[in-house]
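Q: Please build the complete structure, drawing on both the sequences and the hints.
FYI, the numbering for the sequence shown is -22 to -1, 1 to 81, going by mature numbering (1 follows the signal peptide of the UniProt record, and there is no 0).
Simulated from the structure, these hints should not be mistaken for laboratory data.
Yeah, the Cβ is synthetic: ideal placement off N, Cα and C, and Gly gets one too.
Mixed in with the good hints, there may be bad ones.
Stated by the list, open to error - Lysine to aspartate or glutamate pairs mimicking EDC-like chemistry, simulated, CA-CA at most 20 Å apart:
id : residue 1 : residue 2
1  : Lys20     : Asp37
2  : Lys51     : Glu24
3  : Lys20     : Glu52
4  : Lys72     : Glu24
5  : Lys51     : Glu69
6  : Lys10     : Asp71
7  : Lys81     : Asp57
8  : Lys51     : Asp7
9  : Lys10     : Glu24
10 : Lys72     : Asp7
11 : Lys70     : Asp5
12 : Lys51     : Asp71
13 : Lys51     : Asp5
14 : Lys81     : Asp37
15 : Lys10     : Glu69
16 : Lys10     : Glu52
17 : Lys77     : Asp37
18 : Lys72     : Asp5
19 : Lys70     : Asp7
20 : Lys77     : Asp7
21 : Lys81     : Glu52
Said to hold, decoys possible - Distance ranges between label pairs, derived from CB positions:
id : residue 1 : residue 2 : range
22 : Gln45     : Tyr22     : 16 to 24 Å
23 : Tyr12     : Lys60     : 14 to 22 Å
24 : Gly40     : Lys60     : 14 to 22 Å
25 : Gly8      : Ala59     : 26 to 34 Å
26 : Gln42     : Lys72     : 13 to 21 Å
27 : Asp7      : Leu49     : 15 to 23 Å
28 : Thr46     : Pro13     : 15 to 23 Å
29 : Asp71     : Thr17     : 28 to 36 Å
30 : Lys10     : Leu44     : 17 to 25 Å
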Amino acid sequence: MKHFYLVILLFVCSLGFSQENAKSTADIDGFKLYPNPVTQGKVYIETTLNSPKQILVFDVLGTQVLQTTILGKELNLSDLAKGVYILRVFEKDKVATRKLIIK
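A: Structural data, given as structure tokens:
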């Protein structure tokens, strides 16, 4: 029984350390998303590097509804229905995830 508790303890510790490493390199430097909520069908994404960004948009059920790459700051969302979405932005080796509301 002691071995079982030891295995569980090691598993929890390793899981905690792996999450620390993921968080330390995860967010994009200088990430700004505006306006949120979106009312005019366009959202602007700014970062410190301002390099090309791969954009993924998911609905609340986790279904991917949009995948695109932008070179500037402007992202057109006029094809999406009103609602709440999850926005994932990939720039170089960094990732930012935010809630996006379209009114």
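Q: Does each hint fit the structure? Answer for all of them.
A: The hints, checked one at a time:
no. : hint                         : result
1   : Lys20 with Asp37             : 17 Å, holds
2   : Lys51 with Glu24             : 6 Å, holds
3   : Lys20 with Glu52             : 7 Å, holds
4   : Lys72 with Glu24             : 14 Å, holds
5   : Lys51 with Glu69             : 12 Å, holds
6   : Lys10 with Asp71             : 17 Å, holds
7   : Lys81 with Asp57             : 12 Å, holds
8   : Lys51 with Asp7              : 15 Å, holds
9   : Lys10 with Glu24             : 5 Å, holds
10  : Lys72 with Asp7              : 8 Å, holds
11  : Lys70 with Asp5              : 11 Å, holds
12  : Lys51 with Asp71             : 18 Å, holds
13  : Lys51 with Asp5              : 17 Å, holds
14  : Lys81 with Asp37             : 14 Å, holds
15  : Lys10 with Glu69             : 13 Å, holds
16  : Lys10 with Glu52             : 12 Å, holds
17  : Lys77 with Asp37             : 10 Å, holds
18  : Lys72 with Asp5              : 6 Å, holds
19  : Lys70 with Asp7              : 11 Å, holds
20  : Lys77 with Asp7              : 18 Å, holds
21  : Lys81 with Glu52             : 18 Å, holds
22  : Gln45 with Tyr22: 16 to 24 Å : 19 Å, holds
23  : Tyr12 with Lys60: 14 to 22 Å : 18 Å, holds
24  : Gly40 with Lys60: 14 to 22 Å : 19 Å, holds
25  : Gly8 with Ala59: 26 to 34 Å  : 30 Å, holds
26  : Gln42 with Lys72: 13 to 21 Å : 20 Å, holds
27  : Asp7 with Leu49: 15 to 23 Å  : 18 Å, holds
28  : Thr46 with Pro13: 15 to 23 Å : 19 Å, holds
29  : Asp71 with Thr17: 28 to 36 Å : 33 Å, holds
30  : Lys10 with Leu44: 17 to 25 Å : 20 Å, holds
Hint compliance for this structure: every hint is met.
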